[in-house]
Amino acid sequence: MSALVIRDLSVRLKKGPPLLRRVPLDLAAGEVRGLVGESGAGKSMIGKAVLGILPPSVEITGGEILLEGTDLLRLPPKERRRRIGATCALIPQDPLTALNPSHRIGPQITDRLVDILGWTRPAADARARELLAEVQIADPDRVLRSYPHELSGGMRQRILIASAFAAEPRLIVADEPTTALDVTVQKQILRLIAGMQARHGTAILFVTHDLGVVSKVCQRLSVLYSGMVVEDSTVADFFAAPRHPYSAALLAATPKYTDPAAGLNPVPDAVIDAVRAEVAAFDRGAPHG
Amino acid sequence: MADLYQIQDLRLSLADMTAKPLLGAAPKIEILKGLSFTIPKGSAVGIVGGSGSGKSTLGRALVRLLEPSGGTIRFDGADITHLSDAALRPLRRRFQMIFQDPMSSLNPRHRVGTIIAEPLRLHGFTDIPTRVTRALDQVGLPQAFAMRFPHELSGGQRQRVGIARAIALEPDFILADEIVSGLDVSSQAQVLNLLERLVRDLGLTLAFISHDLSVIRRLCQQTIVLHQGRIVENRPTPDLFADPLADYTQELLSAIPLPDPAQPWG
Ligand SMILES: Nc1ncnc2c1ncn2[C@@H]1O[C@H](COP(=O)(O)OP(=O)(O)OP(=O)(O)O)[C@@H](O)[C@H]1O
Ligand SMILES: Nc1ncnc2c1ncn2[C@@H]1O[C@H](COP(=O)(O)OP(=O)(O)OP(=O)(O)O)[C@@H](O)[C@H]1O
Ligand SMILES: [Mg+2]
Ligand SMILES: [Mg+2]
Chain A
1 MSALVIRDLS
11 VRLKKGPPLL
21 RRVPLDLAAG
31 EVRGLVGESG
41 AGKSMIGKAV
51 LGILPPSVEI
61 TGGEILLEGT
71 DLLRLPPKER
81 RRRIGATCAL
91 IPQDPLTALN
101 PSHRIGPQIT
111 DRLVDILGWT
121 RPAADARARE
131 LLAEVQIADP
141 DRVLRSYPHE
151 LSGGMRQRIL
161 IASAFAAEPR
171 LIVADEPTTA
181 LDVTVQKQIL
191 RLIAGMQARH
201 GTAILFVTHD
211 LGVVSKVCQR
221 LSVLYSGMVV
231 EDSTVADFFA
241 APRHPYSAAL
251 LAATPKYTDP
261 AAGLNPVPDA
271 VIDAVRAEVA
281 AFDRGAPHG
Chain B
1001 MADLYQIQDL
1011 RLSLADMTAK
1021 PLLGAAPKIE
1031 ILKGLSFTIP
1041 KGSAVGIVGG
1051 SGSGKSTLGR
1061 ALVRLLEPSG
1071 GTIRFDGADI
1081 THLSDAALRP
1091 LRRRFQMIFQ
1101 DPMSSLNPRH
1111 RVGTIIAEPL
1121 RLHGFTDIPT
1131 RVTRALDQVG
1141 LPQAFAMRFP
1151 HELSGGQRQR
1161 VGIARAIALE
1171 PDFILADEIV
1181 SGLDVSSQAQ
1191 VLNLLERLVR
1201 DLGLTLAFIS
1211 HDLSVIRRLC
1221 QQTIVLHQGR
1231 IVENRPTPDL
1241 FADPLADYTQ
1251 ELLSAIPLPD
1261 PAQPWG
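In the order they appear, the protein sequences are chains A and B.
Numbers 1 to 289, taken from this note's numbering, label the letters of the first sequence in order.
Numbers 1001 to 1266, taken from this note's numbering, label the letters of the second sequence in order.
Treat the hints as calculated values from the structure; they're not laboratory data.
From the three backbone atoms N, C-alpha and C, an ideal C-beta is built for every residue, glycine too.
One or more of the hints may lead you astray.
Simulated crosslink set (EDC-like; lysine to aspartate or glutamate; CA at most 16 Å straight-line) [said to hold, decoys possible]:
#1 B/1041 - B/1196
#2 B/1028 - B/1067
#3 A/15 - B/1152
#4 A/256 - B/1260
Not everything, but these chain A residues come out facing chain B in the computed CB check (under 7 Å) [claimed, not checked]:
#5 38
#6 146
#7 149
#8 181
#9 182
#10 187
#11 215
#12 239
#13 254
#14 255
#15 262
#16 266
The following block holds chain A by itself, in its conformation from the complex (with noise of 0.2 Å):
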């Protein structure tokens, strides 16, 4: 069965302008999806519709989101909650808001496991031990004694990604999970992402906007612009040949060390505007409210 299927997801600022425009997204038990697009696009919009905890200022105004084939978006919101707690984790964008700055990081772990799931203190803090130990954290118990600011941004995002593996969700929304870390750790980090995915099965919604990433952990992508989705393809078949000319123009803005003369140039004008007028035709074709 699919872990997640959105069909026509359609958000808007409330009384304002579409921020998603039907958007449809699938993932199946295990699989990578990794969602894509410039900044602002929408992209950890879909994972707080997902997740249930989209701002109160804007409103879901079409669509579903099936939960292992259960639409989210007809449940009761208590028993919604219910079950999106026991199945999905996030790995946040912002590790510094993110975290309590005035707990500690070990019961922001843990705490979860006990209240939540029912684990005994002795199991979860066995847990949080070993999960600090597995995103390579060298001391694990002076971090679970600190405090967040007391330690670095990396070290941050890596005790976000401990703590969202710790339940064994089913579905993971990692939103940018790596961009405050240095490339070695990343290395390392998205090995122990795949390695706890494959044998957990979990299935991943891997926002990012970094292509390099992409092709090494997954398997298909959604490239979203301004709320919609342009293309929808298998890594292999993007990195060969872009169908979108705005994906094929974002892959071009990668850019390559090994190779300074390409990449980080902005996306052209024209493929700007091109794009654009395809959303607006969207928006007359489908009006929202």
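Since the structure of chain A is already known, use the hints to place chain B with the ligands on it.
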């Protein structure tokens, strides 16, 4: 070319609160272990290194948000190593820091326009609205964003607000800590072009902390590689890429994922 910064044997220790005994002082851990380097005026220097190697700590010391425990920091000829907050105040406009974590550095209760205007007011500027408008323009944000709150922006848009706030002050030096790692490649290119232009046209000096060597290669003339609080390599960027000397630099290069599924990557 004159040096904007001269750093000699810089050391910095912080209290390790996790090991603090019930009574008495916490033991210190040395984060920066004797760094010496210079940053020429009008240049862009890259600072790379692993997570926890001390990049952000070094950055905070350069703009004197932290006080070193040893060595000296000279800024434009003046020793600022141990200056008091009062003595630092007139200098604060001249060095600006843009942070790794945009959300935590923007006041959530203020609109973007106010966030950019606030430091201008503090430093006694009078043409504030003009400067806010120009700064938004320079970072490629629509003027209407001045009315938004930080939580109404995407991660990349927030990052650009941080840059706008810093450049509105027309500083001599900007320390940018991982500011493009959260941006899509097209926005990265825009921000890098912007920084390149500011370095070239305004004579700005830039220290650019990043773990992305592709970005450093594009932007910085000189690259410092930090490893566990020490400098393991400090050379002109093209030389470093042509022939990485330190094992750690080689390791950093080989771990970069190229956008190509066929690249062997362990
Ligand atoms: N709380 C909010 N209220 C109103 N608008 C919002 C809110 N949060 C985000 N937005 C807007 O919704 C759009 C999509 O935002 P989202 O955070 O999903 O972007 P993203 O693709 O994740 O970008 P990034 O790569 O920069 O993180 C953006 O234009 C943003 O300005
Ligand atoms: N306030 C503090 N108290 C104790 N230790 C600290 C404090 N701030 C930082 N450290 C430690 O100093 C070391 C260097 O941290 P720093 O934030 O400078 O690393 P970094 O190179 O910027 O890493 P990253 O790439 O992960 O951001 C880390 O081991 C960190 O745990
Ligand atoms: Mg996002
Ligand atoms: Mg840092």
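Hints the structure fails to honour:
Structure breaks hints 7 and 15.
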